[in-house]
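Chains as they are written, first to last, in the working numbering: chain A, 1112 to 1294; chain H, 3 to 388; chain R, 858 to 955.
These are computed hints drawn from the structure, not numbers from a lab.
Note that beta-carbon positions come from the ideal geometry of N, C-alpha and C, so glycine has one too.
Some clues are possibly wrong.
For each label pair, taking beta carbons as the anchor points, the in silico distance ranges come out as [unchecked claim]:
#1 A/V1192 x H/Q227: 52 to 62 Å
#2 H/P31 x R/N923: 57 to 67 Å
#3 R/I938 x H/W117: 43 to 53 Å
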Amino acid sequence: MLEIRIHGRGGQGSVIASKILAYAFAKEGKFVQAFPEFGVERRGAPVAAFLRVADKPINSRSKIYKPGHLIVLEPTLIAAVDITQGLKPGGFIVINSKRSPEEFKEKAKDSTIATVDATEIALNNRLGSKAAPIVNTAILGAFAKLTGMVKIESVIEAIKEEVPIKPEENAQAAQQAFDKTII
Amino acid sequence: MSKQKVMMGNHALSYGAVVSKVNVISAYPITPQTQVVELLSELCSNGALDSEFIKVESEHSAMAACIGASAVGARTFTATSAQGLALMHEMLHWAVGARTPVVMGNINRSMGPPWTIWSEQTDSLSQRDTGWLQIYASSNQEVYDSVPIAFKIAEHKKVQLPVMVVLDAFFLSHTSENVMMMDLDKAETYLPKYKPKHKLDVNEPYTFGALTTPEWYYELRYKIQKAHENAISVIEEAQSEFKDMFGREYGLVEEYKTADADTILVAISTAASTAKDTVDELREKGVKAGLLRLRFVRPFPFKKVREVLSSAKKILVLDRNLSPGIGGIIFQEIKSAMYNESNKAPIYGFIAGLGGRDITTETIHNIFEEAEKQDPKNIIWMEVKA
Amino acid sequence: MKKDGDKIIFENAADLPDMAKSMGTTRFNKTGTWRNERPIVDTDKCTGCGICWKYCPDMSILEDENGKAAIDYEFCKGCAICVEVCPVKAISMVEEEK
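Same shape as in the complex, but just chain A (with noise of 0.2 Å):
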């Protein structure tokens, strides 16, 4: 069973991409349960969404301690937060940031890691403003790349059907981020 974690601030979209991201794996035959903190949601402060993936039915309806692979919406949050709190070794993490995985190898030795400038990818497809730019779609084309656990079609078509507003651009933003990926 896959356990993810994403981190993100409150109103980036980090439950969005949790439910996305299981939208796609479901599409691909897989049991998924995607779920915010529960709590109560304040926008800007340093929040997370999990994600279960499986092949079989997910029985287990508890909260996720030991996730074996992170999502990174924000590079500031690593300053911020505890980011590999209870990470498994050997999973894969992706950031974004316009700076090189070598360079976050400190915080996370066991892992693989990815990073992509998913802010500067969501601008482009205007996606937010500068000051608050939605990079939820874009990272998960990053995600599919660095993992290869779902297929960046089955991202692709996730975002078309559950994403409201510019499905199109959220779709392209996603590809741009899978091919820019650097791991």
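Please build the complex by placing chains H and R on the supplied structure of chain A, with the hints as guidance.
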């Protein structure tokens, strides 16, 4: 063609009402139920759902509106949680006495104060004496499927009682899972238009719920109890028909590896789902563990419970609820169900997860371990910072 | 289930409707016997305005062939609201025993 969606439990509940083609919805928003009402009001306003949405100023009024609408023969739905359910309390009794087959979703949330929004079953279990049938779901698919099943049972002429579909706050309400959607036409074949046996009708005027003296009130109560007893076979029929049409099987209870189990854990809702993983792990270690999940708490499935527990050597009951002064509510009910049985296996009561504290596979492991270590007790507190 | 004329007599729980629904009890409950005083209409004074009909809590004001007020003594409880509201003082109360 049935279509797969990934949706949160709250939306599964809303879409359950949509496939049931409800005529009237009246509800008041409350966390963690809000999205149920948001989606339904959106579907009503954009024409996707041909229902009357009655906005009200409180849950008490919501239930009153549902009872009124049901009394004129409308298929009626609402949803609430915790304090909202408590505010409805008077009307919950009324819905039963008036024999109005309203279906309501309740998102299990702990009662305040202190102010809280997280999961616990005390809110709905506190309403168990009102006479509502209660279904406790453990997956979003089950939430969705349970709404049309609930209407079919509620509207059955041998039942004619309201039904509550209950789901855990956050663990289901805000968690998105795979849900196979029903074809609307097929759903209508399963659940045809509601044809009430009695209704308010200006062409055939009667008074509903007027003063009834001790001469007959007693018999009306007797009939409600009989309706609950009738409901057992009605539920079995409704769920077997559902299985034939949609391929998904539900029972009064769910048994998991109980046939040869020495120790059986009894639980409801998502904690029971998580417990399956623990049972699997224990089985791998050679421990003969099993799980009994009550899907229906009212009517209480006595026969099934006794059957499943008849050969258990130890019975453990996990309650994410508390009736202060006595303990876990399901524990009391299991104990009373087993009292006259020949199997005198010890029954342990465990409390865990109050106020939405997580119940993990580890919590449940510890429950099985505690039962090995100590004599049966009415309350064994798990993970309490005592 | 037995019937006494129009009146339905319940003998056991099976006779009862599932809902606590009346079987026309107000029709069978003849409240006329509750009166101590009875209203009498002076049809010469009555203008047929219908105000007493509007106010009567027991639906006991009938209309005679000339459109004037008449009393349904089977149900009238003798509350005298009609006397109070009549604008031309056409209704008065007399003791039942007389």
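Each hint tested on the structure:
1. A/V1192 x H/Q227: 52 to 62 Å: Since A/V1192 and H/Q227 have Cβ atoms about 56 Å apart, the given range 52 to 62 Å holds.
2. H/P31 x R/N923: 57 to 67 Å: 60 Å, holds
3. R/I938 x H/W117: 43 to 53 Å: 52 Å, holds
The structure meets every hint from the earlier list without exception.
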